[in-house]
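Student: Take a look at the letters that make up each chain.
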Amino acid sequence: MCGIVGLLLKKPALYSQLGELMVPMLIGMTERGPDSAGMAVFGESLPEGQRKISLYSGLTEAGAAYDWVGLVDAMNAALKVKAQAVVKGNHAVVTFEGPAEPVKAFVNTIDPKLHILSTGRRIDLYKDIGLPADVANRYAFGSLTGSHLVGHTRMATESAVTPDRAHPFTAGEDFCLVHNGSLSNPNGVRRMLEPRGIKFETDNDTEAACRFLEWRLREGDDLPAALQKGFEALDGFFTFLMGTPTELALIRDPFACKPAVVAETDDYVAIASEFRSLAHLPDVKHAKVFEPAPEEMYVWKI
Amino acid sequence: MENLTFDLSHQPVRALNQHLHSAADVLAGQHIEVINPDGAHNIAVGINAPVTVTIKGHAGYYAAGMNKFADVTIEGSASTGVAENMMSGKVHVKGFASNGAGASAHGGLLIIDGDAGLRCGISLKGGDIVVGGSVGSFSGFMAQAGRMVICGNAGDALGDSLYEAVIYVRGDIKSLGADAQIEPLTETDTAALADLLSKAGLSHNPTEFKRVASARTLYHWNADADQDY
Amino acid sequence: MSQTEHPITFKRLQLEESASFDRSTLDYIHRASSTGLYEIRGLGAKRKLPHFDDLVFLTASLSRYPLEGYREKCSTKTVLGTRFAKKPIVLDTPITVAGMSFGALSANVKEALGKAATAMGTSTTTGDGGMTSEERLSSKTLVYQCLPSRYGFNPDDVRRADAIEVVLGQGAKPGGGGMLLGQKVNPRVAQMRTLPQGVDQRSASRHPDWTGPDDLTIKIQELRELTDWEKPIYVKVGATRVFNDVKLAVHAGADVVVVDGMQGGTAATQTCFIEHAGIPTLAAVRQAVAALQDLDMVGKVQLIVSGGIRTGADVAKALALGADAVAIGQGVLMALGCNRDTYQQAGQSHSAEADYAALGTKAGYCHHCHTGKCPVGVTTQDAILEQRLEPDMGAKHVKNYLKTLTMELTTLARACGKQDVHHLEPEDLVALTVEAAAMARVPLAGTNWIPGQNG
Numbered sequence: 001m002c003g004i005v006g007l008l009l010k011k012p013a014l015y016s017q018l019g020e021l022m023v024p025m026l027i028g029m030t031e032r033g034p035d036s037a038g039m040a041v042f043g044e045s046l047p048e049g050q051r052k053i054s055l056y057s058g059l060t061e062a063g064a065a066y067d068w069v070g071l072v073d074a075m076n077a078a079l080k081v082k083a084q085a086v087v088k089g090n091h092a093v094v095t096f097e098g099p100a101e102p103v104k105a106f107v108n109t110i111d112p113k114l115h116i117l118s119t120g121r122r123i124d125l126y127k128d129i130g131l132p133a134d135v136a137n138r139y140a141f142g143s144l145t146g147s148h149l150v151g152h153t154r155m156a157t158e159s160a161v162t163p164d165r166a167h168p169f170t171a172g173e174d175f176c177l178v179h180n181g182s183l184s185n186p187n188g189v190r191r192m193l194e195p196r197g198i199k200f201e202t203d204n205d206t207e208a209a210c211r212f213l214e215w216r217l218r219e220g221d222d223l224p225a226a227l228q229k230g231f232e233a234l235d236g237f238f239t240f241l242m243g244t245p246t247e248l249a250l251i252r253d254p255f256a257c258k259p260a261v262v263a264e265t266d267d268y269v270a271i272a273s274e275f276r277s278l279a280h281l282p283d284v285k286h287a288k289v290f291e292p293a294p295e296e297m298y299v300w301k302i
Numbered sequence: 001m002e003n004l005t006f007d008l009s010h011q012p013v014r015a016l017n018q019h020l021h022s023a024a025d026v027l028a029g030q031h032i033e034v035i036n037p038d039g040a041h042n043i044a045v046g047i048n049a050p051v052t053v054t055i056k057g058h059a060g061y062y063a064a065g066m067n068k069f070a071d072v073t074i075e076g077s078a079s080t081g082v083a084e085n086m087m088s089g090k091v092h093v094k095g096f097a098s099n100g101a102g103a104s105a106h107g108g109l110l111i112i113d114g115d116a117g118l119r120c121g122i123s124l125k126g127g128d129i130v131v132g133g134s135v136g137s138f139s140g141f142m143a144q145a146g147r148m149v150i151c152g153n154a155g156d157a158l159g160d161s162l163y164e165a166v167i168y169v170r171g172d173i174k175s176l177g178a179d180a181q182i183e184p185l186t187e188t189d190t191a192a193l194a195d196l197l198s199k200a201g202l203s204h205n206p207t208e209f210k211r212v213a214s215a216r217t218l219y220h221w222n223a224d225a226d227q228d229y
Numbered sequence: 001m002s003q004t005e006h007p008i009t010f011k012r013l014q015l016e017e018s019a020s021f022d023r024s025t026l027d028y029i030h031r032a033s034s035t036g037l038y039e040i041r042g043l044g045a046k047r048k049l050p051h052f053d054d055l056v057f058l059t060a061s062l063s064r065y066p067l068e069g070y071r072e073k074c075s076t077k078t079v080l081g082t083r084f085a086k087k088p089i090v091l092d093t094p095i096t097v098a099g100m101s102f103g104a105l106s107a108n109v110k111e112a113l114g115k116a117a118t119a120m121g122t123s124t125t126t127g128d129g130g131m132t133s134e135e136r137l138s139s140k141t142l143v144y145q146c147l148p149s150r151y152g153f154n155p156d157d158v159r160r161a162d163a164i165e166v167v168l169g170q171g172a173k174p175g176g177g178g179m180l181l182g183q184k185v186n187p188r189v190a191q192m193r194t195l196p197q198g199v200d201q202r203s204a205s206r207h208p209d210w211t212g213p214d215d216l217t218i219k220i221q222e223l224r225e226l227t228d229w230e231k232p233i234y235v236k237v238g239a240t241r242v243f244n245d246v247k248l249a250v251h252a253g254a255d256v257v258v259v260d261g262m263q264g265g266t267a268a269t270q271t272c273f274i275e276h277a278g279i280p281t282l283a284a285v286r287q288a289v290a291a292l293q294d295l296d297m298v299g300k301v302q303l304i305v306s307g308g309i310r311t312g313a314d315v316a317k318a319l320a321l322g323a324d325a326v327a328i329g330q331g332v333l334m335a336l337g338c339n340r341d342t343y344q345q346a347g348q349s350h351s352a353e354a355d356y357a358a359l360g361t362k363a364g365y366c367h368h369c370h371t372g373k374c375p376v377g378v379t380t381q382d383a384i385l386e387q388r389l390e391p392d393m394g395a396k397h398v399k400n401y402l403k404t405l406t407m408e409l410t411t412l413a414r415a416c417g418k419q420d421v422h423h424l425e426p427e428d429l430v431a432l433t434v435e436a437a438a439m440a441r442v443p444l445a446g447t448n449w450i451p452g453q454n455g
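Protein sequences, first through last, are from chains L, G and R. Residues in the first sequence are numbered consecutively from 1, following this note's numbering. Residues in the second sequence are numbered consecutively from 1, following this note's numbering. Residues in the third sequence are numbered consecutively from 1, following this note's numbering.
Each hint should be verified, as a subset may be incorrect.
[As the list claims (entries may be wrong)] Derived list of chain R stretches under chain L, where covered just means 3 residues or more per stretch with a C-beta under 8 Å from a C-beta of chain L:
1. 57-67
2. 289-301
3. 415-422
Please keep in mind that the hints were generated in silico from the structure rather than gathered at the bench. A virtual CB, placed ideally from N, CA and C, is assigned to each residue, including glycine.
All chains should be built: construct the whole structure from the sequences, respecting the hints.
Tutor: What follows is the structure, encoded as structure tokens:
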């Protein structure tokens, strides 16, 4: 009921091809996830004093005709953050100086229907309803560049088909997660996190997992420690693929009913729910192809 | 031998399968080659005649599912449920197999040269499975009849809730499932092992294997016995 | 009326029962006018109330996957008392045996309960009569109650206990103390309770040395000091103002809160208490959980729910609504033979029908624990009757019952996709009636409506 894809390029010379390599991977997952698609790409890092946010206007009245210029002007007038936007219809990446919180607060105030998809120095995040091929076209996924990405196609299970419930989910800065499976205790996890000031945007089980893991990372756990706690706290069936600024990480629950396959060469590590998403990758016939074992943590660094 | 090639980068799986469902006299003497499988699902499903098929690459889900009479070779890996519910014939995976390999097979022989994933032989109903490598957890879950030969290691809960299927393991068993126990090999066992290993092209010594079978303590409810449930 | 008409025979008009002054009410009034004393009986509220039967589980479907049995394990391990105690209680199942007094029950029963609980890896609880050696020797994990009466309460037993339960009240009679009629105050009971033999005993309603949560705080500290902070302290309330009571119990320092709904039983109390005081367990659970959520104490202070827990489905629903464990009183006595028409003695089955008839009742209707003449030897001190409950046979029956409940609990939890019964959550349930939806705060089946929450 969902397809996940992940790609990490081992050689910087290949970063310009990230999007090209990724689009067929995503489209290969259309049958698993025809409702919506999303992609988080980790590109060139902004300097320490800058941040960027990915914004989605699909839930506003103006939709793809959103007045992004007006938004950026208002933002600069109010906050003087030298904001600039790169726009693709109902999506914009707004880069600015200084910390993210004041800018996000400004966005939430000026237009609560604008959805903040991601925050960070490296991550750009796109997600929308529609067939994966349409979403890929809409945002020109084929021309995206960067070192690694996490992508997802969705067949909704228990929460609605709306853009904000598509994956990837993000939390904090430069952290995202996609999920294939169904958690059986997401509400208990959410209720455990809410008193700690962690706000939830949806009732989606993946958001609960994403915020749980990001909370652990923020509390000082390294990724393996956070994932270990995830194994204990999260009940149900899952393959999780996560992106941090420098890593892709994959885990499967102990029953491993939801699929995952990895293809690795000297040039890349590629992950997908099914081999057919990997079949077109360069030199895949000589790649090391394997299935990740349940309950083990796989972490690949750039 | 007439050789036929189906190129799945140009033709749909449906066309291949439709051909493979031709009458036995049409298929007699044919060797079907499938190129560019690229992980497509349901390749060679439901064959019902003795025909030889070679898949040149990786197969997706349910490759050779519900096979009857055919001899299918996969020169790559196979995804979930290879040879599931096979009734007879032979399926040979040269690479690794994913979860549920040979699930619910009633007959025939499934050979996997590499490792198999979780739940290999789940719900087995009389088929034979030989794995050259190791198998994942919950293999042989509720296996009712048939034989499994595992030349490598077995994961957790091997033979959980085993019925009358028998599992032979050469390597380590991480843990046994409920009602599964290790029993001494009999002459019948060593003969069966020799036969199955030879059919799989493996030369291991049968006496290196352990026999895992049902203790049959869960066949009937017994409140006083503190049974697993 | 003309000569040719038939005489009046409008039967239904002439035999019309009043809903308010029905036959039961008439009996009540006739009885009161004869005796001049309130009716006293055992067991819990008998009238129909919103209860766990009004909830059903949303088990696996295409969007939620179930677990297999056997090695796809569903854990039932339960830990109680993690907040302050050095030695929390660790149980193999969340189903515990509720406090019932020696005096209400015979010594054989206390021994049977202890053996069954030990075999199941769970705990038993003393009662309003103190700790018997039978129970301490047979029960691996024993919770020692500190009640208003303080009958038999002593520091040596506190030291021998695994946890202490400060009892404010119980669901059958919140605000009322215990009661034991003279025929059950035999020499041993009298000696343990420091009472003359044969008196009709009424326990106090309030504790002698503290009243209110502020003083309870200090009392709890006293008990902690006595036990070097090792043993968990439970606080038990009958379900009335549950939201406030649970918050206050937490503020007072409880490790575990026990909430007992109106369906909870007793061996003897005034019927007007049983039927007209306290709120249904279903309503109490959610209020208790809301209080813990309000204080961010979920998982830090544990909640035990009791009062009419009968089946594995009840246990599963209580856990799904937020309880960490349940306690069973009446159900366990029924497993021992309460309201059964036969009893087992000396390897033979005997009929108890004549004994029920002598009490004026029948198997299936009996609530005569207060008489001490229990036909199956459970709630009696009579030397002959108590032989009808043999400890080992009783232990086997209770163990079978608790095991059945635990199996049912895991069956439902696995069907909801849980590897641990404590992962059951309210979203796994829907209600069949509007009252149950409102009390349990889950949607009415087939709708999104939770009365009082979203409409």
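Student: Just pull the numbers of the violated hints for me, sorted ascending.
Tutor: none
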